[in-house]
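J.: Each chain, letter by letter, is given below.
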Amino acid sequence: MPFGNTHNQLKMNYTAEQEYPDLSQHNNHMAKVLTLEMYESLRDKQTPSGFTVDDVIQTGVDNPGHPFIMTVGCVAGDEETYEVFKDLLDPIIEDRHGGYKPTDKHKTDLNPDNLQGGDDLDPNYVLSSRVRTGRSIRGFCLPPHCSRGERRAIEGLSVEALGALDGDLKGKYYALKDMTEEEQQQLIDDHFLFDKPVSPLLLASGMARDWPDARGIWHNDNKTFLVWVNEEDHLRVISMQKGGNMKEVFNRFCTGLTKIEELFKEKGHEFMWNEHLGYVLTCPSNLGTGLRGGVHVKLPNLSKHEKFGEVLKRLRLQKRGTGGVDTAAVGGVFDISNADRLGFSEVELVQMVVDGVKLLVEMEKRLEAGQSIDDLMPEQK
Amino acid sequence: MASSFARILSSKRKVGILSLVGAGSLTVGFFLNREQHVNAGAHVRRIYPASAEYPDLRKHNNCMASHLTPAVYAKLCDKTTPNGYTLDLAIQTGVDNPGHPFIKTVGMVAGDEESYEVFADIFNPVIKERHNGYDPCNMKHPTDLDSSKIRGGQFDEKYVLSSRVRTGRSIRGLSLPPACTRAERREVERVVIDALAGLKGDLAGKYYSLTLMTEQEQQQLIDDHFLFDKPVSPLLTCAGMARDWPDARGIWHNNEKTFLVWVNEEDHTRVISMEKGGNMKRVFERFCKGLQEVERLIQEKGWEFMWNERLGYILTCPSNLGTGLRAGVHVTLPRLSKDPRFPKILDNLRLQKRGTGGVDTAAVGNTFDISNLDRLGQSEVQLVQTVIDGVNYLIECEKKLERGQDIKIPAPISQFK
Chain A
1 MPFGNTHNQL
11 KMNYTAEQEY
21 PDLSQHNNHM
31 AKVLTLEMYE
41 SLRDKQTPSG
51 FTVDDVIQTG
61 VDNPGHPFIM
71 TVGCVAGDEE
81 TYEVFKDLLD
91 PIIEDRHGGY
101 KPTDKHKTDL
111 NPDNLQGGDD
121 LDPNYVLSSR
131 VRTGRSIRGF
141 CLPPHCSRGE
151 RRAIEGLSVE
161 ALGALDGDLK
171 GKYYALKDMT
181 EEEQQQLIDD
191 HFLFDKPVSP
201 LLLASGMARD
211 WPDARGIWHN
221 DNKTFLVWVN
231 EEDHLRVISM
241 QKGGNMKEVF
251 NRFCTGLTKI
261 EELFKEKGHE
271 FMWNEHLGYV
281 LTCPSNLGTG
291 LRGGVHVKLP
301 NLSKHEKFGE
311 VLKRLRLQKR
321 GTGGVDTAAV
331 GGVFDISNAD
341 RLGFSEVELV
351 QMVVDGVKLL
361 VEMEKRLEAG
371 QSIDDLMPEQ
381 K
Chain D
1 MASSFARILS
11 SKRKVGILSL
21 VGAGSLTVGF
31 FLNREQHVNA
41 GAHVRRIYPA
51 SAEYPDLRKH
61 NNCMASHLTP
71 AVYAKLCDKT
81 TPNGYTLDLA
91 IQTGVDNPGH
101 PFIKTVGMVA
111 GDEESYEVFA
121 DIFNPVIKER
131 HNGYDPCNMK
141 HPTDLDSSKI
151 RGGQFDEKYV
161 LSSRVRTGRS
171 IRGLSLPPAC
181 TRAERREVER
191 VVIDALAGLK
201 GDLAGKYYSL
211 TLMTEQEQQQ
221 LIDDHFLFDK
231 PVSPLLTCAG
241 MARDWPDARG
251 IWHNNEKTFL
261 VWVNEEDHTR
271 VISMEKGGNM
281 KRVFERFCKG
291 LQEVERLIQE
301 KGWEFMWNER
311 LGYILTCPSN
321 LGTGLRAGVH
331 VTLPRLSKDP
341 RFPKILDNLR
351 LQKRGTGGVD
361 TAAVGNTFDI
371 SNLDRLGQSE
381 VQLVQTVIDG
391 VNYLIECEKK
401 LERGQDIKIP
411 APISQFK
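Just so you know, the sequences run in chain order A and D. Following the numbering used here from start to finish, the first sequence increments by one per residue and tops out at 381. Following the numbering used here from start to finish, the second sequence increments by one per residue and tops out at 417.
Here chain D stands alone, though its shape is the one from the complex:
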């Protein structure tokens, strides 16, 4: 990856020397030597010992709380990333939000690419727990955006109402939403919309800045179900992601309304490809083409996405590492959803169900959002294939039940390929 470092050195950006240290592709050793070199100025102010600062996590049930022992806290609490991000900042959201007895949230975020290195002693076990055993210390994450490898992918539209694939991308060298300054956030916006303006053909589109959009534009975006609002979830606001709202936030979509990019919401970018109906193959083709085009366009200007072979694409929340990909359908399964074997079938297919309103909503009228469970440790192609094969199986089950035939629970598919 030395070539990408050279590219960063030669780029014409105005950002100063700190961004050079953001070249995450270099060896971990480089960072660990730099972590005490805080260009940013004086060292971390500390009056009380770690034991006096250690958070009270007794009522907490999130991944951070499960792994942040007093010893780990003491080891990491004086460290900062080159941009000045600290452990206390990373865990604040998990301290402020003890969690739910039944839903285990992650409980921490990254403020920049280096967070995952500098605070690896807490991020690694959290990642391992959240991603079902993926061990960042000795495993590699495969990236594959070659959509031609997909087999099948055209669902029976009697059952599948819509298809969607989403992911996120971060711009290397700029801090992530919990930590970015206003100028950094504006720079993310500038870099991204500059690239998106270069998209052509069926990807050509337009950017709507949240600060500048007209009433009509706003209403249209709401009607299209595209408009995102200032986050209200305390999981997000406690991490500092909503600061300075709505400065440098916006929505871009292509003219056909099948490819959508959110700028500076939870991540630098969230990229969504979607259509009504069951043509997941085409949705994924557009997804890959769009992402690769955007990547090419930002590289022309000397930028790149945050990525490494240990963690894949780097995003704000550890739950979105790897592919950051959620591929799913809205599918109607009136009989199967009532079958007591439904949860086990989903589980073995490595799928999850949500209501059609998104995470934690209830299903309405037998229509479910079915998507991949995994994010890290398998490639994009593998995950989308899993969804395709899995949804086909679910539809087959539904058809069998329609005909009065019995269904079978499939054998569990293996997780890390």
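Only chain A is shown next, with the shape it has when bound in the complex:
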């Protein structure tokens, strides 16, 4: 609870056993890891801003999960959450991020020149390309825990920084609570407008408090670079365009992020980052790069092939419907993106997407022509 460190001490009047959540129906990463002993050892702790273990796990307690989809079941309220509650979060991170150890180091690489190719994905198949990530401003609490004053300060700083962008990055901020009907409709038509979260996973963590205060959308005049302010994270940064020129998308992504970071530094602020966890975000699933780079691609034949799932797995890619996570594909068009976030650099992840999608399109063409794809099967990356 915001400002609620007092509440934590109230709980100490009861034993750990009396307070320990009932996780018997649960299937999320938190429930797998949080034993009574661990809960007992963590429950008297709090971060400097007062975030407690019960705050971390509330969303996982309230949302038992799905038998087939493994959700994370916890959130961070500030940067220190990952330190103070490392006994809980390290095993979750290890499980969620393919064996990433507490001693591992994460590489950040936002130099777009290091990306090979990526400018020639076949636009007959690749309809659009997109890269997104998130950033948190060091020194402020994260969306589950921040106060109205903090959230407004984050908005103010972000709008100031974004306002200094120029060239093809020059743009405009639309505060959710001030936008006109016309602006709102335009943003909906552009598929830019985000709404108050409805997913109980998010609501239960407290991220939607005080909506729509201090939330907004910034985008450049060309509508190829977009920033969400105070939605699930302090900032979500998106670079996108129609067609298959992922290199250009990634260029703009890196340039924009680097510029924004410089502008923040000029005002004495930096992003939350460390060499173990990379960029620190609200949900442990987005640590490291926080990067999801993907395309909307037509794969009507390949998607029906029995080896489709195996191919994606070996390429370290995941499929989603074009409506986003958990939607179904429509008309054979899939959203294909990197499965990893942490333990690989931004360049490495986008390279996987570029190389992987190239191969998928080649396979699609083979199947169209009635030929086999056996010789194209990739090795496990």
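Read the hints as simulated data drawn from the structure, not as lab findings. Any given hint could turn out to be false.
Stated by the list, open to error - Rough simulated footprint, nothing fancy, chain D against chain A, three-plus residues with beta-carbon under 8 Å:
#, segment
1, 8-22
2, 54-66
3, 148-155
4, 209-215
What the hints assert, rightly or not - Distance windows between CB atoms, simulated:
#, chain 1, residue 1, chain 2, residue 2, range
5, A, Gln184, D, Ser51, 27 to 35 Å
6, A, Lys45, D, Thr214, 37 to 45 Å
7, A, Leu36, D, Thr143, 42 to 50 Å
8, D, Arg190, A, Thr35, 52 to 60 Å
9, A, Glu183, D, Pro234, 24 to 32 Å
10, D, Pro234, A, Lys172, 28 to 36 Å
Unchecked claim - With the Cβ distance kept under 10 Å, some of the chain D side facing chain A (calculated, not the full set):
#, residue
11, Pro55
12, Pro82
13, Asp96
14, Gly99
15, Asp121
16, Thr181
17, Arg182
18, Trp245
19, Val364
20, Gly365
Think of the CB as a built atom: it goes at the ideal place given N, C-alpha and C, for glycine as much as any other residue.
Starting from the structure of chain A, add chain D where the hints point.
T.: Just chain D, lined up with the frame of chain A:
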């Protein structure tokens, strides 16, 4: 009320010292001296001044927003109750739910009994507005559960299909649903079902825990229209009442299915007495008997209900203070409901109509839910009598219209007796 404080001191509960401060019956002064003594640990963390934290309420239409000026916010935002509940927590639901242009919601909740004292500067005007002028600063609320005082109360069953009385009760010393910890909520459950297990005769019954109920039990409870679900209304979820669902929630009912208790839904308990037909007197008798029995049983174990003479029974939502009582009938009024004077008649009788699906539903086939408007400032007996007299009047109007006679709008009955 010193005796009840002594009882709390001597009880054998495991709950620590914080619960002692929950003795709401002591003078207000005691609390106001204690409010800075947060047993609970460090003081409230505050980085930004009140002006930077003050919520944007320009689009809001609820009672909280009408009365929470920047000055009141600044005065209260650093305070906490002994359990650590803050103003920001109390108003969160009202900030998150601006309201409806036509329906004015309350917009705030209490996290514990002391909330009503520590944040009196905002609760009092909200209470006054919501309860039609009842002023907690200089008025007393009467409690009367003596059902023998009821006159009449057997309705013409040609018109009245069912009768029901509901209220809520909170266990003193434990935080309310927006703020309670899991252990506190489990303790509420334990205390309540322990007491309910002591009920005998026509009140003997059984508890169905939401976490443990079987498929068959669940289906039976649905068929009986007893089962409550996890709240979906954002008014409730934004206040934090649905945390940890369904842990420590459940439904108890007697074998005859005429007395029902919800545990840990919107309040610690919601108590409902009901039957088909028009015997409101018997419904209210069972209501009073059941409540008094439960109170006796929890007192045997050293517990009591939250109550004071300023606000009556303390519940989570300020709209339910006082009696927390809604007594009503499902009644068919095909002619009267079409008469343009119907709303004014209801108003003067201090009754409200709802559809038979509950608040904000539409009436189906001329059958309405008619119940008392008021909760605070009149006793249970007075409110139920108001419903009885009022519904009788409505039935008389319906009969007159049937006979082709004209009806009259009654004089408005006085509000605070």
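J.: If a hint holds in the structure, say so; if it does not, say that too.
T.: Structure-based check of all given hints:
Check result for the segment 8-22 of chain A against chain D: holds, 12 residues qualifying (beta carbon to beta carbon below 8 Å, three or more required). Using a Cβ-Cβ cut-off of 8 Å, 4 residues of the segment 54-66 of chain A lie near chain D, which meets the minimum of three, so the contact claim holds. Interface restraint, the segment 148-155 of chain A with chain D: holds (5 residues with C-beta to C-beta distance below 8 Å; minimum three). Counting residues of the segment 209-215 of chain A whose CB lies closer than 8 Å to any CB of chain D gives 4, which reaches the minimum of 3, so the coverage claim holds.
Separation of A:Gln184 from D:Ser51 is about 29 Å and conforms to the stated range, judged on CB atoms against 27 to 35 Å. For the pair A:Lys45 and D:Thr214, the beta carbons lie near 39 Å from each other, so the given range of 37 to 45 Å is met. For the pair A:Leu36 and D:Thr143, the beta carbons lie near 43 Å from each other, so the given range of 42 to 50 Å is met. Distance hint for D:Arg190 and A:Thr35: a CB-CB separation of about 24 Å, inconsistent with the stated range 52 to 60 Å.
At roughly 25 Å, the beta-carbon separation of A:Glu183 and D:Pro234 lies within the given 24 to 32 Å, and the hint holds. Against the hinted window of 28 to 36 Å, the Cβ-Cβ separation of D:Pro234 and A:Lys172 comes to about 31 Å, which satisfies the hint. Interface hint at D:Pro55: satisfied, since its Cβ lies 6 Å from the closest Cβ of chain A, which is below the 10 Å cut-off. For D:Pro82, the interface hint holds, the least distance from its beta-carbon to any beta-carbon of chain A being 9 Å, beneath 10 Å.
Nearest Cβ of chain A to the Cβ of D:Asp96: about 6 Å, under the 10 Å cut. The hint holds. Taking 10 Å as the C-beta cut-off, the interface hint given for D:Gly99 is violated, the closest approach to chain A being about 14 Å. Hint on D:Asp121 is violated. Least Cβ distance to chain A is approximately 19 Å, over the 10 Å limit. Checking D:Thr181 against chain A: minimum C-beta separation of about 5 Å stays under 10 Å; hint holds.
With its C-beta approaching chain A no nearer than about 5 Å, D:Arg182 sits inside the 10 Å limit, and its interface hint holds. For D:Trp245, the interface hint holds, since its Cβ comes within 10 Å of a Cβ in chain A; the closest pair sits about 7 Å apart. A cut of 10 Å between beta carbons decides the hint on D:Val364: the least distance to chain A is about 30 Å, and the hint is violated. Given the 10 Å rule on beta carbons, the hint for D:Gly365 is violated: about 34 Å separates it from the nearest Cβ of chain A.
The structure fails to meet hints 8, 14, 15, 19, 20 from the earlier list, while all remaining hints are met.
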